[in-house]
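Given chain A, put chain B in place with the hints provided.
The listed protein sequences derive, respectively, from chains A and B.
Here the first sequence is numbered in this note's numbering, starting from 22 and rising by one per residue.
Here the second sequence is numbered in this note's numbering, starting from 22 and rising by one per residue.
Derived from the structure by calculation, the hints contain no laboratory data.
Do not take every clue at face value.
Each pair may be met inside one copy or between any two copies, as identical chains are not told apart.
Claimed, not checked - Derived pair list, reagent style BS3-like, types lysine-lysine, alpha-carbon separation capped at 25 Å: (1) Lys34 / Lys162; (2) Lys34 / Lys50; (3) Lys50 / Lys137; (4) Lys162 / Lys137.
Protein chains: 2
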Amino acid sequence: MTERTRIRRIPEKAVTEVAALHRVLDAAKVAHVAFVHDGAPVNIPVATARDGSRLLLHGSTGSRLFRTLASGVGVCVTVTLLDGMVLARSAFESSMHYRSAMVFGIPGEVSEVADKLVALEAMTEAWMPGRWATLRAPLAKELAATMVLELVLDEWSVKISDGDPDDPPEDLDEPVWAGVLPITTSYGVPVPAPDLRGGPPVPPYLVDWTS
Amino acid sequence: MTERTRIRRIPEKAVTEVAALHRVLDAAKVAHVAFVHDGAPVNIPVATARDGSRLLLHGSTGSRLFRTLASGVGVCVTVTLLDGMVLARSAFESSMHYRSAMVFGIPGEVSEVADKLVALEAMTEAWMPGRWATLRAPLAKELAATMVLELVLDEWSVKISDGDPDDPPEDLDEPVWAGVLPITTSYGVPVPAPDLRGGPPVPPYLVDWTS
Chain A
22 MTERTRIRRI PEKAVTEVAA LHRVLDAAKV AHVAFVHDGA PVNIPVATAR DGSRLLLHGS
82 TGSRLFRTLA SGVGVCVTVT LLDGMVLARS AFESSMHYRS AMVFGIPGEV SEVADKLVAL
142 EAMTEAWMPG RWATLRAPLA KELAATMVLE LVLDEWSVKI SDGDPDDPPE DLDEPVWAGV
202 LPITTSYGVP VPAPDLRGGP PVPPYLVDWT S
Chain B
22 MTERTRIRRI PEKAVTEVAA LHRVLDAAKV AHVAFVHDGA PVNIPVATAR DGSRLLLHGS
82 TGSRLFRTLA SGVGVCVTVT LLDGMVLARS AFESSMHYRS AMVFGIPGEV SEVADKLVAL
142 EAMTEAWMPG RWATLRAPLA KELAATMVLE LVLDEWSVKI SDGDPDDPPE DLDEPVWAGV
202 LPITTSYGVP VPAPDLRGGP PVPPYLVDWT S
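Only chain A is shown next, with the shape it has when bound in the complex (with noise of 0.2 Å):
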């Protein structure tokens, strides 16, 4: 834990173990990078995958801000998922279950065609389970055409909100309803492109993602 990982704002909400921050990564597709760029806060959403101790991040090396990632910056890594809503007795007490996982340090630039092919399976395997081995193989124009980083989860903080509301005595007794109202994120019906050909039928590993 560093100065800047140690959470001091309702540390009873923080979480040590580095399997906790594996789930919280693992249950997001996307994060919010924050770096600086010409002494400004910049925040660009960018898909994710967890491989191993290590989060990857893609995009173009068309992408300006992508290339400045990939400069050598440090970089504030924030993945956010959201649980439920905490209605208490009062607006104050009033509060949302989350999941939050926070990762600092600076990107280094996967660039060997070998290893960026180990990183592109792996987050397309996490993103979508299964279909890495039914796709051609990445053409080489494709694989100039993609930036890959990865950034060691070596400093990091997560906060874990999940709890019941937390009223005080005196306002137990207040006449309002108080609880918890879930949130779950879900897969709805796939929808096939306009110009699909030959019919090949909805994947298995389709069903073992939305299920």
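Showing chain B alone in chain A's frame:
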């Protein structure tokens, strides 16, 4: 539009109507707020709500990071909603449906009690419509412990990705299913607080949130 809100990368995904900005912000309950602290980027999740042409943020006066936010620092507030997975015929063309908004500015503190109450009501009603009127009024000590910030929606950009897979002609005969897998977020069954007394029923406005 300023130099830093001009979308260079895939500019056809840029949306410039303010109504679109409002829709994206209104669909989100949490924003990621990036700022520079001791020379390094920090990126914190903050509950957020739009109120007219300003974005409201609130936190504890006991939070060091939140006090920093109120000290006149520049921020980049980003909101991202993930709407689906785009399964193209190649990993390269595979992507996600999303709506994202980025707002730059310097947050100002809402410090007058009357203004703070207006802001707290707007936030509570944005997150839990119908609930504010059923709650007791905030106490003076609660108001004193709550810091409210407003960020004027002046410098911003919105990017929306909602198209079909965009495979090149030579990939259309790949023997793989292609399409979009929508992602939906919904409320689950309300869970009463363990210390709920007197049996107040689940309030009718909750049904409106969940339907």
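From the Cα coordinates, with 25 Å as the cut-off, is the pair Lys34 and Lys162 best called within, between, both, or neither? Intra 46 Å, inter 23 Å, cutoff 25 Å: inter-copy only.
When no copy is named, should Lys162 and Lys137 be tagged within, between, both, or neither for a Cα gap of at most 25 Å? Answer is within; shortest intra-copy Cα gap is 13 Å, inter-copy 55 Å.
Lys34 and Lys50: within-copy, between-copy, both or neither at 25 Å Cα: both (23 Å within a copy, 20 Å between copies)
Taking 25 Å as the upper bound on the Cα-Cα distance, should Lys50 and Lys137 be classified as within, between, both, or neither? Classified as within; 19 Å inside a copy, 35 Å across copies.
In summary, this structure violates none of the numbered hints.
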